[in-house]
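The primary structure of each chain is shown beneath.
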Amino acid sequence: MRTARFLIAPVTAAAVALSLGACGSGSGGSDDSTIKVAYQKFGNFTQADELFKDVKADFEEANPGITVELVPIEAQQNDYFTKLALMNRSPSTAPDVMYEDTYMIKSDVEAGYLAPLDDYLAEWDDWGQFVDSAKEAGAGDDGKIYGVPMGTDTRGLWFNKAVLADAGLPEDWAPKSWDELLDAARTIKESNPDVVPFNMYSGKPQGEAAVMQGFEMLLYGTGDTLYEDGKWVTGSQGFIDALGFVETVFGEGLAPTPQQALDTNIGNTVQAEWLPDGKVGIALDGSWVAGNWLESGVAPWPEWSEEMGTAPMPTQDGQDPGAVSMSGGWTLAMGSGSKNPDAAFEFISMALNRENSLWFDVANSQIAVRTDVAEDPEYTATNPTTEFFTGLVDVTNFRPATSDYPKVSNEIMVAMEAVMTGQQTPEEAAAAYDEAVVGIVGEENTVQG
Amino acid sequence: MAVTSRRVARVVPLAPAVVLLALFMLGPVVWSFYGSFTNAALTGPAALNPEWIGFDNYVALVGDPDFPKSLWLTVVFVFLSAVVGQNVMGIALAGMMRSAVRPVRSITSTVVVAAWVLPEIVAAFAAYAFFHSEGTLNSLLAGIGVQGPDWLYSTPMLAVIVANIWRGTAFSMMVYSAALAEVPPELTEAAQLDGANGWQRLTWVTLPVIRRSISTNLMLTTLQTLSVFTLIYVMTGGGPGTDSSTLPILAYQEAFKFAQVGYGTAIATVMIIVGGIFSVIYIRALRPEVD
Numbered sequence: 001m002r003t004a005r006f007l008i009a010p011v012t013a014a015a016v017a018l019s020l021g022a023c024g025s026g027s028g029g030s031d032d033s034t035i036k037v038a039y040q041k042f043g044n045f046t047q048a049d050e051l052f053k054d055v056k057a058d059f060e061e062a063n064p065g066i067t068v069e070l071v072p073i074e075a076q077q078n079d080y081f082t083k084l085a086l087m088n089r090s091p092s093t094a095p096d097v098m099y100e101d102t103y104m105i106k107s108d109v110e111a112g113y114l115a116p117l118d119d120y121l122a123e124w125d126d127w128g129q130f131v132d133s134a135k136e137a138g139a140g141d142d143g144k145i146y147g148v149p150m151g152t153d154t155r156g157l158w159f160n161k162a163v164l165a166d167a168g169l170p171e172d173w174a175p176k177s178w179d180e181l182l183d184a185a186r187t188i189k190e191s192n193p194d195v196v197p198f199n200m201y202s203g204k205p206q207g208e209a210a211v212m213q214g215f216e217m218l219l220y221g222t223g224d225t226l227y228e229d230g231k232w233v234t235g236s237q238g239f240i241d242a243l244g245f246v247e248t249v250f251g252e253g254l255a256p257t258p259q260q261a262l263d264t265n266i267g268n269t270v271q272a273e274w275l276p277d278g279k280v281g282i283a284l285d286g287s288w289v290a291g292n293w294l295e296s297g298v299a300p301w302p303e304w305s306e307e308m309g310t311a312p313m314p315t316q317d318g319q320d321p322g323a324v325s326m327s328g329g330w331t332l333a334m335g336s337g338s339k340n341p342d343a344a345f346e347f348i349s350m351a352l353n354r355e356n357s358l359w360f361d362v363a364n365s366q367i368a369v370r371t372d373v374a375e376d377p378e379y380t381a382t383n384p385t386t387e388f389f390t391g392l393v394d395v396t397n398f399r400p401a402t403s404d405y406p407k408v409s410n411e412i413m414v415a416m417e418a419v420m421t422g423q424q425t426p427e428e429a430a431a432a433y434d435e436a437v438v439g440i441v442g443e444e445n446t447v448q449g
Numbered sequence: 001m002a003v004t005s006r007r008v009a010r011v012v013p014l015a016p017a018v019v020l021l022a023l024f025m026l027g028p029v030v031w032s033f034y035g036s037f038t039n040a041a042l043t044g045p046a047a048l049n050p051e052w053i054g055f056d057n058y059v060a061l062v063g064d065p066d067f068p069k070s071l072w073l074t075v076v077f078v079f080l081s082a083v084v085g086q087n088v089m090g091i092a093l094a095g096m097m098r099s100a101v102r103p104v105r106s107i108t109s110t111v112v113v114a115a116w117v118l119p120e121i122v123a124a125f126a127a128y129a130f131f132h133s134e135g136t137l138n139s140l141l142a143g144i145g146v147q148g149p150d151w152l153y154s155t156p157m158l159a160v161i162v163a164n165i166w167r168g169t170a171f172s173m174m175v176y177s178a179a180l181a182e183v184p185p186e187l188t189e190a191a192q193l194d195g196a197n198g199w200q201r202l203t204w205v206t207l208p209v210i211r212r213s214i215s216t217n218l219m220l221t222t223l224q225t226l227s228v229f230t231l232i233y234v235m236t237g238g239g240p241g242t243d244s245s246t247l248p249i250l251a252y253q254e255a256f257k258f259a260q261v262g263y264g265t266a267i268a269t270v271m272i273i274v275g276g277i278f279s280v281i282y283i284r285a286l287r288p289e290v291d
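Chains F and C are the protein sequences, given in the same order.
Last residue of the first sequence: number 449 in the UniProt record's numbering, and the count goes up by one each step with no gaps.
Last residue of the second sequence: number 291 in the UniProt record's numbering, and the count goes up by one each step with no gaps.
Treat the hints with caution; some may be incorrect.
[Claimed, not checked] To give an idea of the interface, some chain C residues facing chain F are shown, with a C-beta separation under 8 Å as derived from the structure:
(1) L42
(2) T43
(3) G44
(4) A60
(5) G237
(6) G239
(7) K257
(8) A259
[To be verified] Cross-link-like lysine-lysine pairs, in silico, DSS-like; alpha carbons within 27 Å at most:
(9) K41/F to K69/C
(10) K56/F to K176/F
(11) K231/F to K257/C
No lab work stands behind these hints: they were computed from the structure.
Idealized CB from N, CA, C, for every residue including glycine.
So here's chain F without its partners, still in its complex pose (with noise of 0.2 Å):
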């Protein structure tokens, strides 16, 4: 019996280090004969996969003597930063390119995974093509550009012609507030019970989709926002707002179960299956979900077009300007511990010329940085709904950029799940935030809304 005593704490221990550390693994070092190309691969998601397995091959061509090895991360987007970040922290699985989320750059930059691309760029001549408000994204902290953008998104309201037809909705329809948008799902609701009237992403296992496609949609369409002037806003009734209009599509049967919701695969689901076959009305969502339905996409769908309808996000109430939409997108970035990164470089000067950028653009459904992309006919022409989210410009709002920002959003999601169950009401979900927010960043930092 004495020896069990001595045994349990290390065994105990030892069982949550392995379950904590089961995530980290790695294949072997790199060196600079060999480049490592670290990108997400999940679901719908094989674009940035095709793009990279074409540079590879040019790319080894012209570099005789260098191996690129790519890394596809089949994971979701949460997961992918995880994966990313844990491969970042040991230089045997660094990767000396990877595909970053921009709103990932100020905090990676700080946790000192990326390397500067400033006396790259000043002499590729193809920088000069990329518009200014892009560059900025790739920008970190410090004023130096750390990641040279893919492409841009905006997001907007999706919704099937046919399922709103059925319901006594035009084929124009374009809500004006979110009371008209309520207003046509439960007309939806009303006129057919199986179909899932609106779909908006919620709660943790979507991650950042849920905070930036979700509720940033809401939240700064009520002319409050999260972030003012450097400091981080707390007890905004927009807040409260925005939480409540989630309360209500998840309260009254207007959006998926909850169950449904929190499903990990459910952005795939709605994309490839529930939109096509008509069983959404509307959806919420962003301007790449087209690039499902090309010939290139997952769930190639020529019909498209026809069938779709968009419409802009309103806001609360239709005061100024009318619709809101949120703006990312994604970049190639270089890893600091990168033994050959005059090479690393190379890789994604050719991924981001101009031919590959109009690929990826086109196939990926992504708005064009490069003032040459996104006047070529090709690239105008493919897709009807271009001209429409690339409208959505007029009125987008970029994420907060600073390095809390990923935190914040984490608690964000936290409450959004809360109150999509049912656990908490807006007010107090909003309340949890605000002391989070306040543990996160300091009370000096925040600001009364």
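Starting from the structure of chain F, add chain C where the hints point.
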């Protein structure tokens, strides 16, 4: 001289085991303990230079509304699924199988042990498929005209507790089968002659004789259950909300979903303490009076 060399000869074969234990068990424990006093993170400035922040993580834990809930869920999960479920089921099955006929005995033990033999991830998926809203259980209920609820969503703790009992009972059953076989038949016969009924024979003769097996088994099942992660993570992901987030799930979430490794290890350290408390209670409560 002869004594020393014999001592050395005894210690040498143990050395590899001691080194391995230190490396893979003590190492993580020490690291976890150390990490819980830093603000180590996966991203942001703290990823580059974690700072020593003393007890800040623990102070934050106490103020975190998720933590007391998670601690309570862990205690409920361990108590109902390990202490009550697995132990009582285990001893009951072992007792009944002693008096069962041979084919019944082999079939029962095969079925029970099968759950234990399955890798945890497979068992977790099986339980998920069983409790899912359109899963086996609800299909069976529909067969008799009952519309079952969405177990994983409406009663997540019940689902994971039942799943853990199903998976872990085999272990207790085997421990108790071995222990019951060691109870001297003279004792029970003597008690029977003195007029003790079945219940009295169990509580006054059998249980005291096997009490050391009971305490060992309680301790092992408790510690195993305390660290159950895969089963819950696959079945409910700790949700809905935080309704089934036991401490391992909470630790994982804070460390890897929310990138706060230091905070996650503080939760892990609390788990070590909870495990220690359970163990001390067993050792005290079941200490042999005469040995």
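What hints, given by number in increasing order, does this structure fail? Going through the list in order, the structure violates hints 9, 10 and respects the others.
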